[in-house]
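Chemist: Sequence:
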Amino acid sequence: CWVDPEYFEKVPKNPITKKFALATSKTSGIFESTIITRNPELCLNPLGRDCFDKKHLWGYIHGAFLSWGTLLRRSIVDYLDINASELTIGYTTRVLPQAGNIQYPIIYLAEQLENGAGYASYLNSISDEDKKNVFVNTLLDGGHIYKALTEGTHGHNCDASCYDCLRDYYNQWEHELLD
Numbered sequence: 005c006w007v008d009p010e011y012f013e014k015v016p017k018n019p020i021t022k023k024f025a026l027a028t029s030k031t032s033g034i035f036e037s038t039i040i041t042r043n044p045e046l047c048l049n050p051l052g053r054d055c056f057d058k059k060h061l062w063g064y065i066h067g068a069f070l071s072w073g074t075l076l077r078r079s080i081v082d083y084l085d086i087n088a089s090e091l092t093i094g095y096t097t098r099v100l101p102q103a104g105n106i107q108y109p110i111i112y113l114a115e116q117l118e119n120g121a122g123y124a125s126y127l128n129s130i131s132d133e134d135k136k137n138v139f140v141n142t143l144l145d146g147g148h149i150y151k152a153l154t155e156g157t158h159g160h161n162c163d164a165s166c167y168d169c170l171r172d173y174y175n176q177w178e179h180e181l182l183d
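Residue numbers (the numbering used here): 5 to 183.
Honestly, the hints are just simulated from the structure, not real lab data. Heads up, the beta-carbon is just placed ideally off N, CA and C, and yes, glycines get one too. A portion of the hints provided could be inaccurate.
As the list claims (entries may be wrong) - Taking CB as the label site, the calculated pair distances span:
1. Ser37 <-> Glu180: 17 to 25 Å
2. Leu46 <-> Gly122: 30 to 38 Å
3. Leu84 <-> Thr38: 17 to 25 Å
4. Leu144 <-> Leu84: 15 to 23 Å
5. Gly146 <-> Ser37: 15 to 23 Å
6. Lys136 <-> Glu180: 27 to 35 Å
7. Gly94 <-> Gly122: 28 to 36 Å
8. His160 <-> Val99: 41 to 49 Å
9. Arg98 <-> Leu46: 17 to 25 Å
Sequences are here, hints too, so could you generate the full structure?
Modeler: As structure tokens, this is what we get:
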């Protein structure tokens with residue numbers, strides 16, 4: 005385990021901040037994605053902040069984020085020609101200074117190969133056009149993942165999630181949330 009001493013200099017000084025750092029040799033690359041534009045009528049915060057009157061929707065929000073992360077992972081897996089087990093999905097929220105210091109949901113995909121494989125670094129280095137093609141266009145009408153989910157028997161028979169779309173062995177504990 006190691007600690008980066010420069011990290012502590014970047015931690016804001018306030019009474020609720022604690023100084024600590026964690027490190028692991030098992031996960032070295034993390035890819036993050038968020039949606040900056042948001043509808044004020046739609047609560048996207050999985051922690052319930054900014055939408056306290058909608059806490060009953062937490063399960064739906066949780067499922068939506070896991071589903072979105074699963075679709076992003078599927079796009080990345082197809083693009084990089086890797087196994088889905090090489091990326092794990094999670095989400096959190098973070099205050100984004102570039103977006104008016106508003107708390108936004110963040111989907112993250114962490115590399116699972118010991119000491120990483122460089123997928124996150126590579127995905128960050130590709131052109132904006134390639135990023136749009138990988139992360140957006142594949143999921144829009146006309147994209148190959150969109151077509152696979154909406155056309156043929158799958159589009160008519162799957163009403164939430166199945167092993168042909170969002171479910172796989174690696175997210176089996178979340179199957180009931182995926183939609």
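Chemist: Could you run down the list of hints and mark each one as holding or not?
Modeler: Now the hints, each set against the structure:
1. Ser37 <-> Glu180: 17 to 25 Å: holds (24 Å)
2. Leu46 <-> Gly122: 30 to 38 Å: Since the Cβ atoms of Leu46 and Gly122 sit about 35 Å apart, the hinted range of 30 to 38 Å holds.
3. Leu84 <-> Thr38: 17 to 25 Å: holds (21 Å)
4. Leu144 <-> Leu84: 15 to 23 Å: holds (20 Å)
5. Gly146 <-> Ser37: 15 to 23 Å: With Cβ atoms ~21 Å apart, the hint holds.
6. Lys136 <-> Glu180: 27 to 35 Å: Taking Cβ atoms as reference, Lys136 and Glu180 lie about 32 Å apart, which means the hint holds.
7. Gly94 <-> Gly122: 28 to 36 Å: violated (20 Å)
8. His160 <-> Val99: 41 to 49 Å: The hint (41 to 49 Å, Cβ to Cβ) holds, given that His160 and Val99 are roughly 42 Å apart.
9. Arg98 <-> Leu46: 17 to 25 Å: Roughly 18 Å apart at Cβ, these two residues keep to the hinted range, so it holds.
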